[in-house]
Amino acid sequence: MSMTPPHPGETVRKDCIEPLDLTITEAAEGLGVSRKHLSALLNGRAGISPNMAIRLSKAFGGSPESWLTQQMQYHLRQAEEEEALDVKQFASA
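In terms of the numbering used here, the sequence shown opens at residue 1 and continues consecutively.
Possibly wrong hints are sitting among the right ones.
[Said to hold, decoys possible] Taking lysine-lysine pairs in the BS3-like style, the calculated list, with each CA pair at most 30 angstroms apart, reads:
1. Lys36 <-> Lys14
2. Lys58 <-> Lys88
3. Lys58 <-> Lys14
[Said to hold, decoys possible] Pairwise CB distance ranges, derived in the manner of DEER restraints:
4. Lys36 <-> Glu65: 23 to 31 angstroms
5. Thr4 <-> Asp86: 19 to 27 angstroms
6. Leu20 <-> Ser49: 18 to 26 angstroms
Treat the hints as calculated values from the structure; they're not laboratory data.
Small disclaimer: the values here were computed from a predicted structure and weren't measured.
Just so it is clear, CB atoms sit at the ideal spot from N, CA and C, and this is done for glycine as well.
Make a model of the complete structure from these sequences and hints.
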């Protein structure tokens, strides 16, 4: 199995906020969210919601779908690596 991709908040920090030399406060104000909310995302304590995906898309580019896809891939890989699922297969895959 491949490794878990970085949390999307890490991508936001490294690819969007840092290159523009924005503070978290400046970025939060520009996104129209609280500093606390953005900090939680950047530190992996919160994920990208559909609302945040739209905000990120408008502020930094990329489609809202691409931002949500990053979040989904992160959660899916985490589940594949962490969950020992006891599941009976009913049909051939």
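Verification of the supplied hints:
no., hint, result
1, Lys36 <-> Lys14, "18 angstroms, holds"
2, Lys58 <-> Lys88, "44 angstroms, violated"
3, Lys58 <-> Lys14, "17 angstroms, holds"
4, Lys36 <-> Glu65: 23 to 31 angstroms, "26 angstroms, holds"
5, Thr4 <-> Asp86: 19 to 27 angstroms, "22 angstroms, holds"
6, Leu20 <-> Ser49: 18 to 26 angstroms, "22 angstroms, holds"
Of the numbered hints given earlier, the model fails hint 2 alone.
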